[in-house]
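K.L.:
One letter stands for each residue in the lines below.
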Amino acid sequence: MLSGTGNCIGYGIGKAKVQAGQNRNIQKTVVEYPEAELARFDAAYEATKITVQALLDREVEDTGTDGEKIFETHLAFLDDPGFVDAIRDMISEDAVNAEWAVREVGERLALMLSQIDSEIIKERSADIRDLYITLLDHLDGNVAVDEPEKDDKSGRKVLVVEELIPSYVIRLNKGEVAGLVAEKGNITSHAAILAKLKCIPAIVGVCGLMDAVKTGDLILADTFSGEVYINPDEQTQTRITCAAECYETEQCACDAEKAEDAITADGTRVIIEANIGTPAEATLADEACAEGIGLFRSEFLFMENRTLPDEEKQFLAYREAAEKMGTREVVIRTMDIGGDKPAPGLPLPAEQNPFLGLRAIRLSLQRKDLFMTQLRAILRASAFGNVAIMFPMISSMEELRDAKAVLEEAKASLAAEEIAFCASVKVGMMVEIPATVTMSDLFAHEVDFFSIGTNDLIQYTLAADRINQAVAPLYTAYHPAVLRQIALVAKNGHLSGIETAICGEAASDPLLLPFFVGVGIDRLSMSPNLVPTAKRGVRRCRDYACKQLAQSVMMLSTATEVKQALLAYQESCKES
Amino acid sequence: MQNNTVVVKCKCGLHARPAASVMKTAKTFQSKIRIEKDGKSGNAKSIIDILSVNVNCMDQVEVSCDGADEAEAMQAICAILESEID
Numbered sequence: 001m002l003s004g005t006g007n008c009i010g011y012g013i014g015k016a017k018v019q020a021g022q023n024r025n026i027q028k029t030v031v032e033y034p035e036a037e038l039a040r041f042d043a044a045y046e047a048t049k050i051t052v053q054a055l056l057d058r059e060v061e062d063t064g065t066d067g068e069k070i071f072e073t074h075l076a077f078l079d080d081p082g083f084v085d086a087i088r089d090m091i092s093e094d095a096v097n098a099e100w101a102v103r104e105v106g107e108r109l110a111l112m113l114s115q116i117d118s119e120i121i122k123e124r125s126a127d128i129r130d131l132y133i134t135l136l137d138h139l140d141g142n143v144a145v146d147e148p149e150k151d152d153k154s155g156r157k158v159l160v161v162e163e164l165i166p167s168y169v170i171r172l173n174k175g176e177v178a179g180l181v182a183e184k185g186n187i188t189s190h191a192a193i194l195a196k197l198k199c200i201p202a203i204v205g206v207c208g209l210m211d212a213v214k215t216g217d218l219i220l221a222d223t224f225s226g227e228v229y230i231n232p233d234e235q236t237q238t239r240i241t242c243a244a245e246c247y248e249t250e251q252c253a254c255d256a257e258k259a260e261d262a263i264t265a266d267g268t269r270v271i272i273e274a275n276i277g278t279p280a281e282a283t284l285a286d287e288a289c290a291e292g293i294g295l296f297r298s299e300f301l302f303m304e305n306r307t308l309p310d311e312e313k314q315f316l317a318y319r320e321a322a323e324k325m326g327t328r329e330v331v332i333r334t335m336d337i338g339g340d341k342p343a344p345g346l347p348l349p350a351e352q353n354p355f356l357g358l359r360a361i362r363l364s365l366q367r368k369d370l371f372m373t374q375l376r377a378i379l380r381a382s383a384f385g386n387v388a389i390m391f392p393m394i395s396s397m398e399e400l401r402d403a404k405a406v407l408e409e410a411k412a413s414l415a416a417e418e419i420a421f422c423a424s425v426k427v428g429m430m431v432e433i434p435a436t437v438t439m440s441d442l443f444a445h446e447v448d449f450f451s452i453g454t455n456d457l458i459q460y461t462l463a464a465d466r467i468n469q470a471v472a473p474l475y476t477a478y479h480p481a482v483l484r485q486i487a488l489v490a491k492n493g494h495l496s497g498i499e500t501a502i503c504g505e506a507a508s509d510p511l512l513l514p515f516f517v518g519v520g521i522d523r524l525s526m527s528p529n530l531v532p533t534a535k536r537g538v539r540r541c542r543d544y545a546c547k548q549l550a551q552s553v554m555m556l557s558t559a560t561e562v563k564q565a566l567l568a569y570q571e572s573c574k575e576s
Numbered sequence: 001m002q003n004n005t006v007v008v009k010c011k012c013g014l015h016a017r018p019a020a021s022v023m024k025t026a027k028t029f030q031s032k033i034r035i036e037k038d039g040k041s042g043n044a045k046s047i048i049d050i051l052s053v054n055v056n057c058m059d060q061v062e063v064s065c066d067g068a069d070e071a072e073a074m075q076a077i078c079a080i081l082e083s084e085i086d
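Residue numbers (our numbering), protein chains in the order written: chain A, 1 to 576; chain B, 1 to 86.
This is chain A alone, in the form it adopts within the complex (with noise of 0.2 Å):
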């Protein structure tokens, strides 16, 4: 068993079919006729960019997927003469065959590209690789036309391959193969984004896989454990065809009824959101048929580039969010700097407790030229759609109404110049800290939502540092103390007629969603990915159900009693 990086998408299981990449046995020959081989090449060259153009034209008509991008980049690498002169220069002043040529030049330029101190770049070498190990197909008239088989799903395959390409990914098509297996690669590359966007099941960054594999071999790839089985016994072949067969099953009922409302048995009615990091997750949500987004971290414009990002540049990224989820609500959080996400742009002083220092609305509150900044672009934002304001880490009143008064600087700025923005945009703040726990029915005054960020409450309630191994135990969802305080600050909420979300790691789990029902948690947003499931969950609910469910567990004296309470309530549900 190998293992590696899975996409958490399923499982791939089929015999596997190695790609030949940029490591195929190329001999370096010494040709009697250049100009021959010159004429092989431009063949290549021209069926290659026939190939691309084609690729491109089917991307265009499809969306999401940035395949479009991409493709438009590969046809300027073949217009490049850095790319196509030097191997034609090759060619015929070392009189060398075109396929050592292709294979040289594209490994040179594709090595000088990951050299650079930068991620995006980094990236292109494997559109460079891409491209001439397509190219060589073409020289060697083997062009890798895959036979789709749709209809017999036990003849799909696992592609098993050196690196994942970009490219290479995105001519695949969903149904079509049954996983992705590669030797390179990171899983939050855009070739594994792009898995994930296609629902490919893939695991990346498997050591030794390409001498361990051939094809034919027998592969069972389980995304969420990263592992990769070759030929395994029958114990685990049947262990994990049935796992795959129970996911597969799920999913299509979660999925064939995705776009409905979750709506429990007796008529409650739970929004369902998504969490996201960057505006193209939008696309992802919108997809899961997510009825908004509950969270939208803006960290990712601080810790992406080394300078702070303009008001422009985050305005667009709010905007384009905003404009892809039409009247669905998308709250976006403020900054959430500082402890365990630092920001290249704004170096901060070491701290020994990072989780208790300068961090979130309190970094806000001390750079008034960021926070205005952020305010002003999440304000032009709110006139493309439906957008929310939510402010991180709120510990006291007076942190509120700090950034509600700069909040409303910004408006009058925005005002002042004639630039557009909701007037009446919704303001609401995260509940992560125990002290607005215990005064949620004040604050229920002050803001229009509560949104609970479980996985800081857990470590604030719990005195658990959420990322230390040695107090990994300690930290659970399931502690009495955590779930009495979500009931606190929903029925708070309610009191004052505001609505309570959940978007912490808890929100998406299905134990604890009985006992969200059961105490009136109005929105839960999770993973895009997740936001099916939960809907299909809060449909199998019943309201009364959840509500003694929710009394009975807040009773127990311990997260353990919890989680036992809350298994045999599922079993139950299931016997039924």
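Just so you know, these hints were derived from the structure itself, not from any lab. Treat the hints with caution; some may be incorrect.
[Claimed, not checked] Chain B stretches covered by chain A per the calculated footprint, using a threshold of three residues with CB under 8 Å from any CB of chain A:
1. 5-18
2. 42-56
[Claimed, not checked] Distance ranges between label pairs, derived from CB positions:
3. A:396 <-> B:3: 53 to 59 Å
4. A:481 <-> B:84: 47 to 53 Å
5. B:24 <-> A:408: 44 to 50 Å
6. B:3 <-> A:207: 45 to 51 Å
7. B:84 <-> A:557: 54 to 60 Å
8. B:3 <-> A:468: 27 to 33 Å
9. B:84 <-> A:42: 35 to 41 Å
10. A:42 <-> B:79: 30 to 36 Å
11. B:84 <-> A:112: 27 to 33 Å
12. A:207 <-> B:69: 43 to 49 Å
Every residue, glycine too, gets a C-beta built ideally from N, C-alpha and C.
Dock chain B against chain A, hints included.
P.N.:
For chain B alone, coordinates are given in the frame of chain A:
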């Protein structure tokens, strides 16, 4: 020869698509066109050269054009660098 300093406004810097359009435009001129940043310089008629200069959004770059149509070339290239395409 003409020289000009501009601040790049392309949203993601000169990566992929903007680099491709710089190359496409540069190729329509006879002049030699180069883009330079931090002592690293590249031929604007080669996307690989442009990428290797590693230009990010808000970076300041030096553009030089040399040839019969240098004035027009300068204008066209700067227009792309200063536009907010992504």
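K.L.:
Confirm or reject each hint.
P.N.:
Here is what the structure says about each hint:
no., hint, in the structure
1, 5-18, "holds (count 6)"
2, 42-56, "holds (count 10)"
3, A:396 <-> B:3: 53 to 59 Å, "55 Å, holds"
4, A:481 <-> B:84: 47 to 53 Å, "49 Å, holds"
5, B:24 <-> A:408: 44 to 50 Å, "47 Å, holds"
6, B:3 <-> A:207: 45 to 51 Å, "50 Å, holds"
7, B:84 <-> A:557: 54 to 60 Å, "58 Å, holds"
8, B:3 <-> A:468: 27 to 33 Å, "55 Å, violated"
9, B:84 <-> A:42: 35 to 41 Å, "38 Å, holds"
10, A:42 <-> B:79: 30 to 36 Å, "34 Å, holds"
11, B:84 <-> A:112: 27 to 33 Å, "28 Å, holds"
12, A:207 <-> B:69: 43 to 49 Å, "53 Å, violated"
Of the numbered hints stated above, those contradicted by the structure are hints 8, 12, listed in ascending order.
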